[in-house]
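Given these sequences and hints, build the entire structure.
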Amino acid sequence: MSTKTAPKTAKGNFFEDFKVGQELVHATPRTVTEGDVALYTALTGSRFVAQSSAAFARAIGLAGAPVDDLLTFHVVFGKTVPDVSLNAVANLGYAQGRFHKLVAPGTTLSTTSTVAGLKENSNKETGTVYVRSVGRDDAGDLVLDYYRWVMVRKRDKASPAPEAVVPDLAPVVSPEFLTVPAGLDLSTFDSVLSGSPHLWDDYAVGEKIDHVDGMTIEEAEHMMATRLYQNTARVHFNQFTEKDGRFGRRLMYGGHVISLARALSFNGLGNALFIAAINGGRHAAPTFAGDTLFAWSEVKDKAEIPGRRDVGALRLRLVATKNLPAADFPESGEHVVLDFDYWVLIPRR
Amino acid sequence: MSTKTAPKTAKGNFFEDFKVGQELVHATPRTVTEGDVALYTALTGSRFVAQSSAAFARAIGLAGAPVDDLLTFHVVFGKTVPDVSLNAVANLGYAQGRFHKLVAPGTTLSTTSTVAGLKENSNKETGTVYVRSVGRDDAGDLVLDYYRWVMVRKRDKASPAPEAVVPDLAPVVSPEFLTVPAGLDLSTFDSVLSGSPHLWDDYAVGEKIDHVDGMTIEEAEHMMATRLYQNTARVHFNQFTEKDGRFGRRLMYGGHVISLARALSFNGLGNALFIAAINGGRHAAPTFAGDTLFAWSEVKDKAEIPGRRDVGALRLRLVATKNLPAADFPESGEHVVLDFDYWVLIPRR
Amino acid sequence: MSTKTAPKTAKGNFFEDFKVGQELVHATPRTVTEGDVALYTALTGSRFVAQSSAAFARAIGLAGAPVDDLLTFHVVFGKTVPDVSLNAVANLGYAQGRFHKLVAPGTTLSTTSTVAGLKENSNKETGTVYVRSVGRDDAGDLVLDYYRWVMVRKRDKASPAPEAVVPDLAPVVSPEFLTVPAGLDLSTFDSVLSGSPHLWDDYAVGEKIDHVDGMTIEEAEHMMATRLYQNTARVHFNQFTEKDGRFGRRLMYGGHVISLARALSFNGLGNALFIAAINGGRHAAPTFAGDTLFAWSEVKDKAEIPGRRDVGALRLRLVATKNLPAADFPESGEHVVLDFDYWVLIPRR
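Residue numbers (this note's numbering), protein chains in the order written: chain L, 1 to 349; chain F, 1 to 349; chain U, 1 to 349.
Straight-line distance between alpha carbons at most 25 Å, and here's what the computed SDA-like set of lysine to any residue pairs gives: (1) K208/L x G93/L; (2) K19/L x V192/F; (3) K208/U x T5/F.
Non-contacting residues of chain L with respect to chain F, defined by C-beta distances greater than 12 Å in every case (computed): (4) H100; (5) G117; (6) S122; (7) P167; (8) S187; (9) R309.
The set of hints was computed from the structure by calculation and includes no laboratory data.
For glycine and all other residues, C-beta sits at the position ideal for the given N, C-alpha and C.
Next up, the structure:
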């Protein structure tokens, strides 16, 4: 059957399609609702109190229960996939992620990205694409921005390499760039209702916490999560194709691993109310349905927030393992699936 | 244990229980909420922009993001099952389906049906029941109506056959009967945010589109979807009984196959914003958990909408396959599970 | 790695940690939303009309569709788990449960418990803890209270036994203590829309009803439900640990079995609109993914509500079986998983 019309199916961008400085306006903005929040709870088991209870949220100065920061992240991220990573071989890293404004249910999130760097690999078959992605709300306000770099296939090995540009990314977001949510007042924080007595003052740099609990993942769960985030990366959904692929099975979206590890971290970090920044993250190994996730954290740093006595910041390293309890704080090896470095906001005494 | 009370359990209607012209008022009206919408997204991966983004919906003249047309269809349809198809052997077809009014979250949908035809089969064990089902909103306004015919068991082979009445159903809804949603104005449609540059003018009659992506289905997913629609047909839920049944396993609700195929069709038909009519549909083969669905479409017709320059209609044939990619546009064979004919509304240049 | 900070992970209470009269304020209050309601529908298939349709709910005098009573129960119950039953060996029983006020979506539920009894077991390794748990809404109004007793491990076998205190619990909530929801008026009840023609007058004490339908459960479903309820009991989630445990697999939360049995009971008890009280309940055997649940009910008693002609109460025994249809009303044996005794409110003629 031949027609003269243009092909209609999106093929995604290849390495040659990206130019440094290029702006990408990503499609299908997404209104996040209370329905999405309920699904996020059901899929992750998250219990952080400000996101769980509208009454508690109001008691600490917010208008209502905000959307979980990682649900915001996944929705903003999901929008970039059709343009940035449909032809990606690997998601290599994150840096300089900052959460600027809490998202209330009912907010429409939209994402744009700027190409911040390009570097062809020596095999000439792939290259690294660096993008800075920006999520905004209905008012156009900045909600989240982060850098991400992915290895993307070239359309043609013979295409000339672009001039290599690698952005100079900070290994850690400096604490003076952390944003405290508007209105937040933790001076009368109720640490009985929050589920943990441990505040900023109680954590020591170098301290390690085993989050104890394990969570087994099913195919239906990771696929529902990834569709909820409208992340269209094909490796998560298509067993017919993946049975002949690299792993013989569907791969779980790495971002959902972050969400599950963060939810597990409630047991030990129950007052780590908000994620303020993502310093970096690495998906050390793939995760599949049937795997049981465990997690541990290390306090990497502590920072005061200028002008604030009620809230401080902890820099945390969150490590997730599969099929290996985390009591011995494993840092490497086949069981480690995630190594994530981020700042949280937590009440002070 | 004997009592004098009437049996309390509903047995459903048998062929003998239907009379031409009979009105059926179906039970348990259902308020569709943002929670249902989130689940629909998580279960299908649908990304059509007007249903995804309240901000986009407002920009095209709507009050907010409407409920997906097929979620509306499934809820309206689900209500009919206890009365019409609890004793059905097969769901035979659909015709003359029309979507009259978009549904906003918060709307309570209720369904009535009229028996439009009856024809006993020559084996005297079953007969075909034709119903016209009508979904209405809180205001009593028509939301959706369609004809459906099912093969239903007789209670008693000896019952006399009713006079055969077969309604005269149009093979295609004539385009002058398509309804454009109230308020819709696509004159400034943003095809970057919508996720596809292809508008009405770009599609040619006869053009075929492979939607490329595949989606594997899990038992938990199709059962959650079917319960969400409050469709009580037993074959979807009860493995204990179905293990000894015709297929040895639970059967997936055919309507959810339509939803998954429609969601896959975003890749190639991203601007097919609304379903205006269902011309016909056939579930060519059963689908089970573990199957991977693919889909392709053919443009069967194009129609202008009288008085409108901003929006046109495409008549599409949507074919879904299981465990067979659709690049070769398979039309028949054991892998074809759905052959669906419908009209969509799509912006014009 | 050693630090001087306190351990951060919650270990739960052991038998020695409880004192009669002790007040427990449970953490992470939970705002129940329309999203939770949609998930409850998708996970249970419940169709009771007042919870399904806001329009119907308004027609019987309510402000809108209330949250299912058992969703309320599970959320209130889930809050108690980290404090009461993290180290529990078995959930032994419920008594004197009363539903005082319907919950509207948007309500924040919080739970407190009082220790009502303690009794060490003769093996000195465990003891029974009796708690009265109380769920309240934003306004501080009582929503639900119930007694529950669980067998909890001792930290140390050598710890002295406390004085044995066993509360005197009524085997049945006396009907004069049943609360009719504020505003409810069933005098013009529409039993066509409700899905059942059978009202209070039509049921006889001693009558048994087979609910006919079966529902097979998947791992993803019971885990999503249990996370939705923020119930953190570990046996439900962690296959890595449970594969070496007592059953070799994850155990389904017994409360979700109640929900599924109640949803199945719609077929025969479709007008049992609200649960007014829980007289008692016993999880007779564990339920696992892959099991198919069936249910039957017996009418144990009927009661008039003082001053009301529109509504009466039925005391029901709800028995759920796994992998055994309930046509013969099985009362015991390995297939019986639940024996639940409760009062419902149902319209009168």
